[in-house]
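Colleague: Go by the hints and put chains F and V onto chain Y.
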Amino acid sequence: MNWVIKMFSSSLGQKFIMALTGLFLCSFLIVHMIGNLQLFKADDGLAFNKYAVFMTTNPLIKVTSYLLYFSILFHAFKGIMLVIKNNKARPVKYAVQNGAANSHWTSRSMGLLGTIILVFIVVHMKNFWFEYKFGHEIGYTSYYTNLATGVTGSKEMSAEYTQFNKIEEGMTADENGQYRLVIVKDLYKAVASQFKEWYLVALYVLCMFAVAFHLYHGFKSAFQSLGLNHSKYNGLINFIGIWVFSILIPAGFAAMPLFFFFK
Amino acid sequence: MTSKLDSKIPEGNLEQKWTKYRSTVPLVNPANKRSLEIIIVGSGLAGASAAASLAELGYKVKVFCFQDSARRAHSIAAQGGINAAKNYQNDGDSTYRLFYDTIKGGDYRAREANVYRLAEVSANIIDQSVASGVPFAREYGGLLSNRSFGGTQVQRTFYAAGQTGQQLLLGAYSGLQRQVGTGNVKMYARHEMLEVVTIDGKCRGIIARDLTTGKLERHFGHAVLLCSGGYGNVFFLSTNAMGSNVTAAWKAHKKGAMFANPCFTQIHPTCIPVSGDHQSKLTLMSESLRNDGRIWVPAKLEDAQALREGRIKPNDIKEEDRDYYLERRYPAFGNLVPRDVASRAAKERCDAGYGVNKTGEAVFLDFAANTIRYGKIEANKKGMHNPTEEQIVSMGKAVVKEKYGNLFDMYQQITGVNPYEQPMMIYPAVHYTMGGLWVDYNLMTNIPGLYALGEANFSDHGANRLGASALMQGLADGYFVIPYTIGAYLSKEIMTKPISTDHEAFVEAEKNVQQTIDRLLSIKGSKTVDYYHKKLGLIIWNQCGMARNEAGLKQAIKDVQALREEFWNNVKVPGDANGLNQELEKAGRVADFLELGELMCKDALERNESCGGHFREEYQTEEGEALRDDENYKYVAAWEYFAGNTWELHKEELIYENIKIAQRSYK
Amino acid sequence: MEKNLNLNLKVWRQKNANDKGKFEEYKVNNISTDMSFLEMFDVLNDKLVTEDKEPIAFDHDCREGICGSCSMFINGQPHGPKQGVTTCQLHMRSFNDGDTIVVEPWRATAFPVIKDLVVDRSAFDRIISAGGFISVNTGNAQDANAIPIPKENADEAFAAAACIGCGACVAACKNASAMLFVSAKVSQFALLPQGQPERHQRVTEMVAQMDLEGFGACTNTGACSAECPKGISLTHIARMNRDFLSAGLASNDK
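Chains as they are written, first to last, in the working numbering: chain Y, 42 to 304; chain F, 31 to 697; chain V, 6 to 259.
These are computed hints drawn from the structure, not numbers from a lab.
A couple of the hints might just be wrong.
Here are the computed lysine to aspartate or glutamate pairs in the DMTMM-like style, where the Cα-Cα straight-line distance is at most 20 Å [to be verified]:
1. F/Lys-554 x V/Glu-56
2. F/Lys-216 x V/Asp-258
3. V/Lys-156 x F/Glu-625
4. F/Lys-116 x V/Asp-148
5. F/Lys-602 x F/Glu-625
6. Y/Lys-129 x V/Asp-125
7. Y/Lys-47 x V/Asp-258
8. V/Lys-8 x F/Glu-339
Computed Cβ-Cβ distance ranges for the label pairs, DEER-style [unchecked claim]:
9. V/Gly-236 x Y/Ile-281: 48 to 54 Å
10. Y/Ile-281 x F/Val-447: 44 to 50 Å
11. V/Leu-217 x Y/Pro-100: 42 to 48 Å
12. Y/Ser-68 x V/Asn-13: 52 to 58 Å
13. F/Gly-172 x Y/Ala-136: 46 to 52 Å
14. V/Asp-104 x F/Glu-332: 50 to 56 Å
15. F/Ala-692 x V/Asn-9: 52 to 58 Å
Quick reminder that beta carbons are idealized off the backbone N, C-alpha and C, glycines included.
So that you can see chain Y by itself, here it is in the shape it has in the complex (with noise of 0.2 Å):
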């Protein structure tokens, strides 16, 4: 394993685990982005709440979700280390530095933008996911689908009504037919709750920005790193980091608490 440590520890390996903690961090954003549009579906948020359910129970998902923490932390950990290393590498700074003339100003602020981000997830984590998980500010809504219509109707549970599983599902019967049931932990609403300060939705947009700027050098800096440029592919990884990880990506998640905000 020695050889592990050796790679790793140097200034090049210390490049390889930024670009690939990155890219696996990209490829969560992609998934966070696909389930996360499940809120703008009309159904009060069922299918959003289920989704959610699953991915905090499901055992494979678990996994993945620890490994996501751990890049996160590592990525961030190996981020600020590599600042503090560069910084050492030029302790008296230059008095007049034209760095616009050479380079982009984003690849210049990636340590900025990082933390920015990095806040961001704070922030984030701690409204919903640690709500969501060990909070208990988020009550419970019951769905109930007629079977015959199809027609869906929500209510909201009673304060009291707490219990170990975020979901529930059942059927239920009255005069008007059979309904599936479902009774889960309401994510949604909190979210929709929360997007309504406007402050909150100031600092996600921002952030998403950061995002933007971070991902628009990061992406294809990645695959830099690894190694990966060639004049045949650059092109598409360039399209891909600036359309996809750039644009797309940090617009969807800025529409979001836009979207609860003017609704």
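Modeller: Leaving out everything else, chains F and V in the frame of chain Y:
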């Protein structure tokens, strides 16, 4: 012939001399090599290749260079290429032909045996360089490409774009650094050699100054190799690097090593003309440009006048009003005549009033004709049957760009003129010095244990060096000659234990150096070092440059003496010697140039003939070509120094057994 | 056309490695636009010497853009505002009358200042000593045409080998990283058949030495390549990364 000069040329016929000698020269066994120390001054092609090769053999090597890294030696700036008798082009090249071209190009003033050896090992240099990763230009089939250079009719020049010297030097440098890594070589960068130490007539070490701390250091060596380059900077304006200097060779000369043929300097025909008084150095445009460029001046004086005044542009002059004077005078070689011939022809036209820039000292190097030729070839390749003129020109420009792009860019950068649109302006400039320390066949000076390699010695180029031969000689000396020939001396030194640097000879030598430094710093006069250097340069350029005559040389000697006198009384060297002091470094070098300049003029005055780069106006044919005097001057002029700047001439007669001496003709 | 400029200079002055150093201001007048930047410094130094002041120390030698000695950080850019040239080839026509020009030395832990604008770049030599060579002793070579090398590879190896070792890449990089310099040498040999036997060892050793010297890591900003006077491409860095990775994976180290 004086007994002091024994060239030690081996017996036997020319083709066998080197092979035989190499197999019989005494060897030093590996265990003994480890206890023999060799000092190398200079890290250019000769120094770096010698250091790497000797360290590989097991010698303990110390390398000194004044630059901040071995890689910066001025060999790096050589552009065009390196000759080798490989005959890859199947155009009839051979060792003999390279040998013959070099002797003839040198106007029959070089040693046959040395030059033949050079031609013999030339092929090994290419092999060695390729093996060490030098990326020479290649053809599509993956094999090496060649181009032609002045003074030859075969294509034997290997090249790497316009950066051949750089690539070869970096190849040798990487070999050197490899040995630094293993500890076999100790590198002393930012160190300047300021004295040779001799004990009982043998060279035993050097005094060097650490340029960063200012401290003087004593270093012992069983042998000392001076690979310190040429002395072209005596002219102030030259294509040499700013730091290139004669100091190492000159200190050796003053310790008794003879200086040979100092007046043989090469003026390169294709350099960017001087633009003003501020000029600090001149930039070469590679000779390879003469492959595709045609040199001309206006045929009419009034057109030249109009050009100088900026009333017309070069392209306004009609084809029939242009004088392609090299093609006119030398139909067989045309624009590819040797450098001395091309330079003098340019001077002749400019002196006659046909110069084309505002100073009247420039001629055109024009790519228009070949741009069109290349354009047509491209059109053919692409199957275009009726290309427009515009298409032809643009395709042609693309070809020219690929071949010479970096040179064209450099020209535009310096002059602000686009050479794709207008012809380049060029003028001759000092480029190389054929003269140098006298050495025997082993490359040893007349001081036992002191060697001179590369441009620092005099041995291979006679009175004029052919293009692409400097790189060849530097690497031949370092890679393939000295590793063998040094055995002849060191095999007798295996019992010599390292001599303590507390020896009185070291103490004395260091004291002398210290005194010179103190003296320079104590003058505190009113004129800068550059002031004297520029003045010296002008004297030498005007009187001992492209054309010389008796009266001018006599005057120059007086002028240099007077200038030297003034320098030592009125130079201003600021600061102290306890740290980096670049003015002090310059002052020491200029002080040496001020002595060398006199010797150059003396040598030129003594040589009553014209040959190669040495053109005495009194000795020319009716057509204005150099007129040699083989009867009286077929010798190497080796000068011995005596205190107070006096010299005694020793002659080494040149013997031509294999070549019939003829008047050099390129017509 | 030639013009004359009057300029204000702010130049870093530092007596030696231990001195703190500071900026000094100078005025130079009647500077021809045909002068090179270093010739302008010659004029200034001449003036300083005449005025009994210490001239400014700066590294320079060939003055034709190939030795790599000159190293001035001019108005926030290594080798000044023009790309693809060294300081010695930067001409005054790139400036305007009345300009203020700030000149600093290369700044990096691995390039300590020796005096004024002169820095110690011997770290580069040590990196080459660590592996920037092909181990072939003199006399071992076979015929130069014995191994054909595709022109494309030879040309690309040359493009990498064109590096002049000036250190502008380090100076330009916000991290003072030497990746471009190191990769140029790694890449040159990686592209040639002669470089294959030591390919993995070379990249491993050179990178280790680079780290030891205190250069920063790479953020792929591309500033190095943009400011490189020889236009060395970032693809060489990618090739080095690739080689380093495969060297690590394929090594016999346990």
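Colleague: Could you run down the list of hints and mark each one as holding or not?
Modeller: Tested hints:
1. F/Lys-554 x V/Glu-56: holds (12 Å)
2. F/Lys-216 x V/Asp-258: violated (31 Å)
3. V/Lys-156 x F/Glu-625: violated (50 Å)
4. F/Lys-116 x V/Asp-148: Holds, at about 10 Å.
5. F/Lys-602 x F/Glu-625: Cα-Cα ~19 Å, so holds.
6. Y/Lys-129 x V/Asp-125: The given pair, whose Cα atoms are some 17 Å apart, holds under the 20 Å limit.
7. Y/Lys-47 x V/Asp-258: holds (10 Å)
8. V/Lys-8 x F/Glu-339: With Cα atoms ~17 Å apart, V/Lys-8 and F/Glu-339 stay inside 20 Å; holds.
9. V/Gly-236 x Y/Ile-281: 48 to 54 Å: The hint (48 to 54 Å, Cβ to Cβ) is violated, given that V/Gly-236 and Y/Ile-281 are roughly 27 Å apart.
10. Y/Ile-281 x F/Val-447: 44 to 50 Å: Since the Cβ atoms of Y/Ile-281 and F/Val-447 sit about 45 Å apart, the hinted range of 44 to 50 Å holds.
11. V/Leu-217 x Y/Pro-100: 42 to 48 Å: Given range 42 to 48 Å: holds, Cβ gap about 45 Å.
12. Y/Ser-68 x V/Asn-13: 52 to 58 Å: Holds, at about 54 Å.
13. F/Gly-172 x Y/Ala-136: 46 to 52 Å: holds (51 Å)
14. V/Asp-104 x F/Glu-332: 50 to 56 Å: violated (42 Å)
15. F/Ala-692 x V/Asn-9: 52 to 58 Å: With a Cβ separation near 54 Å, F/Ala-692 and V/Asn-9 satisfy 52 to 58 Å, so the hint holds.
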